[in-house]
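Chains as they are written, first to last, in the numbering used here: chain A, 1 to 735; chain B, 1 to 232; chain C, 1 to 83.
For the record, the hints were derived by calculation from the structure and aren't laboratory data. Among these hints, one or two may not hold up.
To be verified - Distance condition first, Cα-Cα at most 25 Å in a straight line; then the derived PhoX-like pairs of lysine-lysine: (1) K61/A to K641/A; (2) K23/C to K155/B; (3) K731/A to K38/B; (4) K137/B to K403/A; (5) K41/C to K176/B; (6) K641/A to K38/B; (7) K410/A to K113/B; (8) K38/B to K439/A; (9) K210/B to K554/A; (10) K23/C to K731/A; (11) K137/B to K641/A; (12) K323/A to K38/B; (13) K327/A to K35/B; (14) K327/A to K176/B; (15) K113/B to K731/A; (16) K176/B to K5/C; (17) K554/A to K155/B.
As the list claims (entries may be wrong) - Computed list of chain B residues with no C-beta within reach of chain A, every gap over 10 Å: (18) K113; (19) N143; (20) K159; (21) R206.
We put the CB at the ideal spot given by N, CA and C, even for glycine.
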Amino acid sequence: MVKQEVYRSLGLKDEEYQKILEILKRKPSPTELAMFSVEWSEHCGYLRSRKWLRLLPKTGKYKTLIGEDSGGIIIDDLAIIFKMESHNHPSQVEPKQGAATGVGGIIRDIFTAGARPIALLDSLRFGPLSQAYNKYLFTGVIDGIQFYGNCVGVPTVGGEIYFDESYTGNCLVNAMCIGIAKKDKLVRARANGLGNPIMYVGSSTGRDGIGGCSILASHEFKEGEEKRPTVQIGDPFTEKCLIEATLEAINTRYVVGIKDMGAAGLTCCTSEMASAGNSGMDIELQAVPRREENMQPWELMMSESQERMLICVKKGKEEQIKKIFLKWDLNASIIGEVTNDGLVTIRDDGKIVAQIKAHSLTQAPIYDMPYRKPRYLRELNKLELSKIPEPKDYNKVLLKLLKAPSITNKAWGYEQYDHMVQTNTIVLPGSDAAVLRLKGTSRAIAATTDCNSRYCFLNPYRGAQIAVAEAARNLVCSGAHPAAVTDCLNFGNPEKPESFWQFKNCVEGIADACRSFNIAVVSGNVSFYNESPKSAINPTPTIGMIGIINDINKACAQNFQQEDDAIILLGYCRQDLGASEYLKEIHNIMKGNVPQLDLRLEQAIQKAAIKAIERGLVNSAHDCSEGGLAVALTESCVSNKYNMIGANVNNLNYDMRADALLFGESQSRIILSCSKDSVEKIRKIALEFKAPFRVIGKTGGRVLRILEAKEELIYLPLEDLFEEWSGSLNKELEG
Amino acid sequence: MRFGVVVFPGSNCDQDCFYVVNDVLKQPVRYIWHKDTKLDNFDCIILPGGFSYGDYLRTGAIARFSPIMNSIIDFAQKGGIVIGICNGFQILLESGLLPGAMLRNTTLHFICKYVYIKTENTKTPFTNLCKKNQILKIPIAHNEGNYYTDEAGLKNLDKNRQIAFHYCSADGEVNKEHNPNGALANIAGIINKQGNVLGMMPHPERSSEKELGSEDGLLIFKSIIKWIGNKS
Amino acid sequence: MLEVKIYITLKKTVADPQGLTIKHALESLGYHNLGEVRIGKLISMKVNSRDRKEVGQRIEEMCQKLLANPIIEDYTFQIEEVK
Numbered sequence: 001m002v003k004q005e006v007y008r009s010l011g012l013k014d015e016e017y018q019k020i021l022e023i024l025k026r027k028p029s030p031t032e033l034a035m036f037s038v039e040w041s042e043h044c045g046y047l048r049s050r051k052w053l054r055l056l057p058k059t060g061k062y063k064t065l066i067g068e069d070s071g072g073i074i075i076d077d078l079a080i081i082f083k084m085e086s087h088n089h090p091s092q093v094e095p096k097q098g099a100a101t102g103v104g105g106i107i108r109d110i111f112t113a114g115a116r117p118i119a120l121l122d123s124l125r126f127g128p129l130s131q132a133y134n135k136y137l138f139t140g141v142i143d144g145i146q147f148y149g150n151c152v153g154v155p156t157v158g159g160e161i162y163f164d165e166s167y168t169g170n171c172l173v174n175a176m177c178i179g180i181a182k183k184d185k186l187v188r189a190r191a192n193g194l195g196n197p198i199m200y201v202g203s204s205t206g207r208d209g210i211g212g213c214s215i216l217a218s219h220e221f222k223e224g225e226e227k228r229p230t231v232q233i234g235d236p237f238t239e240k241c242l243i244e245a246t247l248e249a250i251n252t253r254y255v256v257g258i259k260d261m262g263a264a265g266l267t268c269c270t271s272e273m274a275s276a277g278n279s280g281m282d283i284e285l286q287a288v289p290r291r292e293e294n295m296q297p298w299e300l301m302m303s304e305s306q307e308r309m310l311i312c313v314k315k316g317k318e319e320q321i322k323k324i325f326l327k328w329d330l331n332a333s334i335i336g337e338v339t340n341d342g343l344v345t346i347r348d349d350g351k352i353v354a355q356i357k358a359h360s361l362t363q364a365p366i367y368d369m370p371y372r373k374p375r376y377l378r379e380l381n382k383l384e385l386s387k388i389p390e391p392k393d394y395n396k397v398l399l400k401l402l403k404a405p406s407i408t409n410k411a412w413g414y415e416q417y418d419h420m421v422q423t424n425t426i427v428l429p430g431s432d433a434a435v436l437r438l439k440g441t442s443r444a445i446a447a448t449t450d451c452n453s454r455y456c457f458l459n460p461y462r463g464a465q466i467a468v469a470e471a472a473r474n475l476v477c478s479g480a481h482p483a484a485v486t487d488c489l490n491f492g493n494p495e496k497p498e499s500f501w502q503f504k505n506c507v508e509g510i511a512d513a514c515r516s517f518n519i520a521v522v523s524g525n526v527s528f529y530n531e532s533p534k535s536a537i538n539p540t541p542t543i544g545m546i547g548i549i550n551d552i553n554k555a556c557a558q559n560f561q562q563e564d565d566a567i568i569l570l571g572y573c574r575q576d577l578g579a580s581e582y583l584k585e586i587h588n589i590m591k592g593n594v595p596q597l598d599l600r601l602e603q604a605i606q607k608a609a610i611k612a613i614e615r616g617l618v619n620s621a622h623d624c625s626e627g628g629l630a631v632a633l634t635e636s637c638v639s640n641k642y643n644m645i646g647a648n649v650n651n652l653n654y655d656m657r658a659d660a661l662l663f664g665e666s667q668s669r670i671i672l673s674c675s676k677d678s679v680e681k682i683r684k685i686a687l688e689f690k691a692p693f694r695v696i697g698k699t700g701g702r703v704l705r706i707l708e709a710k711e712e713l714i715y716l717p718l719e720d721l722f723e724e725w726s727g728s729l730n731k732e733l734e735g
Numbered sequence: 001m002r003f004g005v006v007v008f009p010g011s012n013c014d015q016d017c018f019y020v021v022n023d024v025l026k027q028p029v030r031y032i033w034h035k036d037t038k039l040d041n042f043d044c045i046i047l048p049g050g051f052s053y054g055d056y057l058r059t060g061a062i063a064r065f066s067p068i069m070n071s072i073i074d075f076a077q078k079g080g081i082v083i084g085i086c087n088g089f090q091i092l093l094e095s096g097l098l099p100g101a102m103l104r105n106t107t108l109h110f111i112c113k114y115v116y117i118k119t120e121n122t123k124t125p126f127t128n129l130c131k132k133n134q135i136l137k138i139p140i141a142h143n144e145g146n147y148y149t150d151e152a153g154l155k156n157l158d159k160n161r162q163i164a165f166h167y168c169s170a171d172g173e174v175n176k177e178h179n180p181n182g183a184l185a186n187i188a189g190i191i192n193k194q195g196n197v198l199g200m201m202p203h204p205e206r207s208s209e210k211e212l213g214s215e216d217g218l219l220i221f222k223s224i225i226k227w228i229g230n231k232s
Numbered sequence: 001m002l003e004v005k006i007y008i009t010l011k012k013t014v015a016d017p018q019g020l021t022i023k024h025a026l027e028s029l030g031y032h033n034l035g036e037v038r039i040g041k042l043i044s045m046k047v048n049s050r051d052r053k054e055v056g057q058r059i060e061e062m063c064q065k066l067l068a069n070p071i072i073e074d075y076t077f078q079i080e081e082v083k
């Protein structure tokens, strides 16, 4: 028997070890034990999440493609492949390389499907910048993303950055990549065809990240643990060469299957490709290019060295494929071949060191985790409005909110990313969604990432639904039809019933919302154990969504375009102070009920907005989210510094507290601006969909002015608004 | 009128340059692999932006020894038109086809944004369609755009009218506030003494179509086409 | 086997904002009385030869040709026996 300390140190539980004994009917070799430990880790095997992920819809209004490592949709003859993945734990330990390798990894999942990567987005969350270590993480992660993304030539076009105390001790780095291909050029991550050679391409194998995924991502951070040696270093130059070589190789049609060596490296590639192809593989480790001496079989199987892939090549065509990789100065070695015995056989100089049924490795046990609603939620969901004093000076409040790190302008970050390379970016970072043209067609894609984790903490089910609704709303504001979702689910320790209850409810919320919008979840990722001794993170089910703009000339941005346009509000304002940024930033309260979400109302306003935009009637569209109506209006006024336009909003007649009207976060609201003669046409469209419609004011002047029942609540010059909104992050980081 | 776009390992903007010449301007264009040792019949060679060799050692330092560079140096010495954009400019500096060197941005950050540049010399193959002092809106995206040369070098550039573009404000004011990277004297682009080689940090291929935000970059490509048309 | 250590530094006449930033960071950590701080590169190389003079000449050439940019960089190097 293998000693308990040995398999436990690899992250395997007693029951799991017992299962391994049952499967093999003998004691596992060290290499076999290592292989099981990484394939059955939570990060690779999804043991605790698989049961609930089955709820997510795999079909929707657009034709979907679900591959082994990524997924997408088909539009005409194009496939749009996309996926979001987390790299949280490595980034907490070494922010620059953690973020960089996260970017590298997600890009590889896209081009190994045969799609050229055309865009990156990243959703980032940190603890408050007032703490030095959080500042270090934030600047390090941005540096890592620019270091990798810029060099590899894929534009980083969007994303989000949030700050919350719950992320101190466990930051979140979720990277999303989008790629396009002609639909008949896609490749699967599988090994087929008896005797087909298995080729290793890319960088040599070293001792990077050994045990990274099984140890790092499957357990919480304990105080003072030294995890630095298990983080890998990214090489974006090699990856760029790999992109070109791989796409060239796939073009030859001699690539039967290809897969990135990500978490769990060779183990994951060999077992998953064989399992997906219902075949087996016989691998000779001596043929694996290595850059360190005396590497043991288990080290080679567990290594997470970056920028490596495995290709199943059509027999007889090895030299042609090799030639392409050698042209780009990349390693290309045959390390084995496909068998038909369903086994993954690993040899070291001919001697078998591991032999396991591929399906046994890839079908990790499914755990049915217990869950329980946290008792503290009942108290937290109560909010006594009478105890919250109304501010005397709303101007001061708005200026303060504009400085709030989660609301303030993020140009400090995105100006470090090359967001223009590949010349597809039509709407640059800073708007509701990024818009990328599809060259050779009249269409464009819009993309966004969204999640308000405070909502998810206070009400996981509704918060997750809102994440989906908000992503769709953001896309609609750019003139796009919401098309498909990738999700990156970040949660605490699933072995704690209260954390698992959050996960289960968020998954259910996403599933229900996606079904309501008739969009599929085509790919995704789960990251558990995001906890430090202080606390778990807020439940953070990040939604990455893409939409289709049918006519690129009708793409829309969030900023007012000209003076004297009418400003229209689609939707209702309710007294929704609960869970708001205003409540937190101004009153230091994180309580209340998450604003209601009526999916039918949401769809009504989205359909009305999109029809108006497609008819060419709309000059700008922006949704209301954190900070409410006042912040949304500010952003429409000042987000284009070369064309700032004021607004006079004087037709808001709601019977509620002024702070709720200005800063409350009622859902399902979109602000449109249009020329005066389009107002009636848009009103008719709103009526058609039963979307609440109200002209609330008009654009113009150098001031933002908001009145309610003749009382002037906000009067601020554009320069003051711009200064608070755009300068705060710079001051915080470099002041 | 034939354009060639050189591709080094790590070039990123080769396809963007190809697209402008081929799809927007509808001119014949071919890719040139960096390992080629001979140049076919080209009228203009484009060294595109990107991170050739990952910018390892120094940006452009390794690319300048690629086999194709001998032919390009030869082509330039014989009067051929060469334009180096961003990393291409850096490679031209390292190879000695242009004087000076590139340092890291003084902000120590990569910077990607639209800037304004002022056309200083309109009697070049690259700017003959620009009006005197015309202001162009073209984006930059770089880590090392801080152009440097010594005092004597700067005097020469001025004397020989080798400064093609200065970073400036939207109204054409050349000052420190509108210098994005610390470049000496706000220099955004220069030509060689002969006048047939241009290096510029901003990316004209990213501002050659209205839907991308500016068409000013197209003037540079069109100027090249006109110049070569006149010559033949 | 000889081991070569090549130090590449920015010329004195060239501004070094990275060095300055590092200096300020050190000062904010409480390290005072610091003079100028400059940042450079170290390239270490093993050479299969025992002829110091010949290796020295080769390294000079490498530095002038590729490893340093003479417009903005200076270089020095040390050669040692590998123990």
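A quick look at each hint next to the structure:
| no. | hint | result |
| --- | --- | --- |
| 1 | K61/A to K641/A | violated (38 Å) |
| 2 | K23/C to K155/B | violated (33 Å) |
| 3 | K731/A to K38/B | violated (53 Å) |
| 4 | K137/B to K403/A | violated (30 Å) |
| 5 | K41/C to K176/B | violated (30 Å) |
| 6 | K641/A to K38/B | violated (48 Å) |
| 7 | K410/A to K113/B | holds (14 Å) |
| 8 | K38/B to K439/A | violated (32 Å) |
| 9 | K210/B to K554/A | holds (14 Å) |
| 10 | K23/C to K731/A | holds (20 Å) |
| 11 | K137/B to K641/A | holds (15 Å) |
| 12 | K323/A to K38/B | holds (21 Å) |
| 13 | K327/A to K35/B | holds (9 Å) |
| 14 | K327/A to K176/B | violated (45 Å) |
| 15 | K113/B to K731/A | holds (20 Å) |
| 16 | K176/B to K5/C | violated (39 Å) |
| 17 | K554/A to K155/B | violated (50 Å) |
| 18 | K113 | violated (6 Å) |
| 19 | N143 | violated (8 Å) |
| 20 | K159 | holds (35 Å) |
| 21 | R206 | violated (5 Å) |
Violation of the numbered hints given earlier is confined to hints 1, 2, 3, 4, 5, 6, 8, 14, 16, 17, 18, 19, 21; the remaining hints are satisfied by the structure.
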